[in-house]
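Modelling step: build the complete structure from the supplied sequences, incorporating the hints.
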Amino acid sequence: MLHTRRVVALFGQARLMREADGRFQLEGGNRHDRLAAIEWSSLFLPEAVLARRKH
12 MLHTRRVVAL
22 FGQARLMREA
32 DGRFQLEGGN
42 RHDRLAAIEW
52 SSLFLPEAVL
62 ARRKH
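Counting from 12, one number per residue, gives the positions in the sequence shown under our numbering.
Hints listed in this document are in silico derivations from the structure and should not be mistaken for laboratory results.
Among the hints, erroneous ones may be present.
Restraint ranges, calculated between C-beta atoms of paired labels, are given here [said to hold, decoys possible]:
#1 R16 - A47: 29 to 35 Å
#2 R42 - T15: 14 to 20 Å
#3 V60 - L21: 18 to 24 Å
#4 V18 - E58: 16 to 22 Å
#5 I49 - R16: 17 to 23 Å
We treat Cβ as the ideally placed atom computed from N, Cα and C, and that holds for glycine.
See the structure below:
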């Protein structure tokens, strides 16, 4: 079994990633990019709980 991360969607410079354990991470982008990702996920991926990657 591969333990890799996958890009689910891109929003400007923000990347919505799915971790190997099934969690979702929102990485990068500006405020507008992150808000677009949150709105999109609420419509098309409502089961996702987005976490922002800490640096």
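Handout entry: Contradicted hints - numbers only
Key = Hints 1, 2 not satisfied by this model.
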